[in-house]
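> These are the residues of each chain, in order.
Number of protein chains: 2
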Amino acid sequence: MDTVLVSKKKKHNFSAGPAILPASVIQEAAQAALDFNGMGLSILEISHRSKEFVAVMDEAVQSVRDLLHLDDDYAVLFLTGGASSQFYYTAMNLLNEDETACYLNTGTWSTKAIKEAKLFGNIVEVASSKDKNFNYIPKGYAIPEDAKYLHLTSNNTIFGTQVHNLPDTKVPFVCDMSSDIFSRPVDVKRYGIIYAGAQKNLGPAGTTLVIVRKDILGRVKHTIPTMLDYNTHIAKNSAFNTPPVYPIYVCMLTMRWIKEMGGLTAMAKHNESKAALLYNEIDRNPLFVGVAAKEDRSLMNATFVLNNDELNDAFMAACTDAGCVGVKGHRSVGGFRASIYNAMPVESIQVLVNVMKDFEKLKG
Amino acid sequence: MDTVLVSKKKKHNFSAGPAILPASVIQEAAQAALDFNGMGLSILEISHRSKEFVAVMDEAVQSVRDLLHLDDDYAVLFLTGGASSQFYYTAMNLLNEDETACYLNTGTWSTKAIKEAKLFGNIVEVASSKDKNFNYIPKGYAIPEDAKYLHLTSNNTIFGTQVHNLPDTKVPFVCDMSSDIFSRPVDVKRYGIIYAGAQKNLGPAGTTLVIVRKDILGRVKHTIPTMLDYNTHIAKNSAFNTPPVYPIYVCMLTMRWIKEMGGLTAMAKHNESKAALLYNEIDRNPLFVGVAAKEDRSLMNATFVLNNDELNDAFMAACTDAGCVGVKGHRSVGGFRASIYNAMPVESIQVLVNVMKDFEKLKG
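Here the protein sequences come in this chain order: A and B. The first sequence begins at 27 in our numbering and counts up one residue at a time. The second sequence begins at 27 in our numbering and counts up one residue at a time.
No copy is singled out in the list; a pair is fine if it fits within one copy or between any two copies.
Heads up, simulated DMTMM-like pairs for lysine to aspartate or glutamate below, C-alpha to C-alpha not over 25 Å straight-line: (1) Lys247 x Asp124; (2) Lys77 x Asp92; (3) Lys354 x Glu78; (4) Lys247 x Glu123; (5) Lys295 x Glu321.
Keep in mind that the hints were calculated from the coordinates and are not lab data. Since we're looking at a predicted model, the values are computed, not measured.
Can you make the complete structure from the sequences, with help from the hints?
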């Protein structure tokens, strides 16, 4: 039977997350929700132990391994609860109460990670950019050598900053990569744990990718509930209990797309040229000012304001008229934010740039 | 633009979970994955703060309230992590280490719930049916009056038993209703917490429904990580962080369908007649024997075996030929299991019954 579904003209989706997915991924995801692989069943109603879903999980895990060139020292997990759950989960699994971990505070999410980690050990905030509303990435701070790990937020979705150079230390990183995972190559060897909520650059809301170096686990003295122990999920390949089948499936499709696009080196090149197109206009157009320090600008989330606040509503309306959605800035920053993740086509950014140019002609 | 998706002839889906969803729900869910409400965006790529998704969440919560006739004493949450996470979450939120909670052990999931709860307080197993491989529900056991709660598993998916009569006690119930939520009316006033993984009777894998009486919270002395405190999620209507958007949406559609079908009283009547059709054949057909004690038989999962084990493969093949999938029994029980949740049409059960009748003619 053929089923006809109706699809409106696509919007240019600049949402910060849940965020844009590749058009081909959406088409295939909708097909699987109706009938998966010609099984006569929706992927929403098949067992997580079926050979069809086990193949999905295996491909998802293998794609993470391929994209990041992981060796067997690292395990790949698809969990739930978002990055917000990893804030306590990481500390609970890595830290005894008499041990120290370091945190770099670059915004809202770092601040929350610090709060949760303090329940488990001695937490040192090595540096913070709170003094300037987190519009830059601190550098040159000291890192205690006895720290179990240094926690970083690699990209700050709200403030539009990104860590472009890792600090020079032998302490392993624990990193929240929710908003820039798979946007560029990563030197994984320097990380103990990488975690990422799926809903920005990897898939829909509902699963959390965790990459963990296995030898750092199993060293804490306190008891951990079964579901909160990474080793539980490593032993069962993320299927100790029922995993979030559909979100993992869509992540698998997205990673398949990234591989087809040429992998992370190609993604990085693509993302750099897309970001340059937008930042060049922000810098050129006399109506606009970028929020983040130039050297720390995020390639994923561009934050900018109008010189004249009174024009905000008119610019917002111009964006909407052109089909650009999700451009409103976060309340902590104000102004505008264009999230231009992997799946954002350059054509959509050009539409936004044209809106900015037209707005200059009208109001400049 | 119209998009044509291909749908094969539907199978008769007897899977234990993730499990069958109503055909109309699957069609609408696939449409939303392609283009949600004519927005020009997939529901997979819209913000959880958008008015479109807030409306979904609000309807989902209100539908739970309507179906179970909840008053304001109860909060409704859509979390993640499955029922397996609620095993520790409930005890962590309700129990101090010097306090007692009671558990009725009716199978694999109860046993796991007991294991996790022991990390937080004094756990009394009031009764167990382990002596007969959990093929019945214990009755007539004593419940200490000072217990904070009595934990029940209302339906045992693996063993095919169901609690049909609640024990007579003033102690509030904490109940894992994963596999029979919304299959019948519930006297909610007797419960402190009801939780259910969505993927059996409520929606796809990826979200966990929790109904909690608010006055039992906030009484423990130990510190709870922010994400593990029910009050965090109550204060933010399950959107403290990004919720699993699509799984919640599909649950909302399923509850809309249940309401259209007449609500829980109609569901119960429907489920009783569907189960009678299958159990009557199990009892009538000389080739088959039911596994669970008759008075404790589940209306959701019928477990049965062949008198002659050597016919197992032939019966399985006959099921497959007729388009009946997911009929293999769990390894803890063996034989066969037909899961006949709310969404299972009586026509599919008739197909299975016909397979059993034909098998009798062939092999009896």
